[in-house]
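K.L.:
Here the protein sequences line up with chains G and D, keeping their order. The first sequence runs 286 to 397 under the working numbering. The second sequence runs 36 to 149 under the working numbering.
Keep in mind the hints are simulated off the structure, nothing from the lab. This one's a predicted model, so the numbers in the text were calculated from it and none came from an experiment. A hint or two may mislead.
[To be verified] Calculated pairs, DSS-like style, for lysine-lysine (alpha carbon to alpha carbon, straight line, at most 30 Å):
id: 1; chain 1: G; residue 1: K339; chain 2: G; residue 2: K290
id: 2; chain 1: G; residue 1: K290; chain 2: G; residue 2: K323
id: 3; chain 1: D; residue 1: K92; chain 2: G; residue 2: K356
id: 4; chain 1: G; residue 1: K339; chain 2: G; residue 2: K353
id: 5; chain 1: G; residue 1: K290; chain 2: G; residue 2: K356
id: 6; chain 1: G; residue 1: K323; chain 2: G; residue 2: K341
id: 7; chain 1: G; residue 1: K290; chain 2: G; residue 2: K353
id: 8; chain 1: D; residue 1: K92; chain 2: G; residue 2: K353
id: 9; chain 1: G; residue 1: K353; chain 2: G; residue 2: K341
id: 10; chain 1: D; residue 1: K92; chain 2: D; residue 2: K50
id: 11; chain 1: G; residue 1: K323; chain 2: G; residue 2: K356
id: 12; chain 1: G; residue 1: K339; chain 2: G; residue 2: K356
id: 13; chain 1: G; residue 1: K323; chain 2: G; residue 2: K353
id: 14; chain 1: D; residue 1: K92; chain 2: D; residue 2: K57
id: 15; chain 1: G; residue 1: K341; chain 2: G; residue 2: K356
id: 16; chain 1: G; residue 1: K290; chain 2: G; residue 2: K341
id: 17; chain 1: G; residue 1: K323; chain 2: D; residue 2: K87
id: 18; chain 1: D; residue 1: K48; chain 2: D; residue 2: K92
id: 19; chain 1: G; residue 1: K290; chain 2: D; residue 2: K92
id: 20; chain 1: D; residue 1: K92; chain 2: G; residue 2: K323
id: 21; chain 1: D; residue 1: K87; chain 2: D; residue 2: K57
id: 22; chain 1: D; residue 1: K57; chain 2: G; residue 2: K323
id: 23; chain 1: G; residue 1: K339; chain 2: D; residue 2: K92
id: 24; chain 1: G; residue 1: K323; chain 2: D; residue 2: K48
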Amino acid sequence: DQQVKQNSPSLSVQEGRISILNCDYTNSMFDYFLWYKKYPAEGPTFLISISSIKDKNEDGRFTVFLNKSAKHLSLHIVPSQPGDSAVYFCAAKDFGNEKLTFGTGTRLTIIP
Amino acid sequence: AAGVIQSPRHLIKEKRETATLKCYPIPRHDTVYWYQQGPGQDPQFLISFYEKMQSDKGSIPDRFSAQQFSDYHSELNMSSLELGDSALYFCASSLGGTIYNEQFFGPGTRLTVL
Chain G
286 DQQVKQNSPS LSVQEGRISI LNCDYTNSMF DYFLWYKKYP AEGPTFLISI
336 SSIKDKNEDG RFTVFLNKSA KHLSLHIVPS QPGDSAVYFC AAKDFGNEKL
386 TFGTGTRLTI IP
Chain D
36 AAGVIQSPRH LIKEKRETAT LKCYPIPRHD TVYWYQQGPG QDPQFLISFY
86 EKMQSDKGSI PDRFSAQQFS DYHSELNMSS LELGDSALYF CASSLGGTIY
136 NEQFFGPGTR LTVL
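Produce the complete structure using the sequences and hints provided.
P.N.:
As C-alpha cells, this is what we get:
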C-alpha cells in the first residue's frame, strides 16, 4: 500500500526552465511533508519542507506547494540547473510517528 | 558542517552470517532513524530511537535488532542474513522534541549478501 506516490518516474527539463515535481498522498493523518534529493551512492539530502498549516514554502530556487484538499504537493525548481539532476523523493510524516514515508522517487534530468 | 557518519560504507556477507552497521548522528542530535532501500525501491523505515529509547518501529525483521548508546550513536545488528537483506541501509538523525523535525541522512551502508 503506497501511501505516498510520485507518478512520474522521470522528468527532463531544459536548463533555465522550471522543473515541477509532483507527489500525491492518501493518508489524511500526514501533516508534515519533505522533499529530498538523492545522488547515486549518497544518502538523501534534505531540500525543503512544509507543514499542513501552510500552503506554500519558499527557499531560494525551491518552492513547495501543498493542496490539502487534493492531498497533493509539488516542488518547483526555478531556474533549473545541471546540478539539479538527481532523484527527488517526497516524504511525509504524521505528528504521532517518527517515521518518514517516502514516495517512489522521480529522476530529474536537466538538459544543458 | 558535520554530517551523519555511517560505517562501514560497504559490507559483503554470506547467508546466515551476522552484520553490524554503525551510525554516528550529527552532534547534538538525539534521535536516530534506520531505513532500508532495496534496488529500485523507496527507503523503508525500520526503527528509530529518541534519547536511547526506541521511539517508533516499522517493518524491521525479528532477525534485526538495534540500540542507541549513551553517546547517541546507534548500531543495527542483523543476524541470519538472507539474500533479500541485500540493500542500502541509511541512518538519519534529527533533533527530537520538536513537532516538525527534518531528518538528515548519512551516506548509507551497502550490504551485499552472497
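K.L.:
When the structure is checked against the list of hints, which entries are broken? Sort them ascending.
P.N.:
When the structure is compared with the hints, none of them turns out to be violated.
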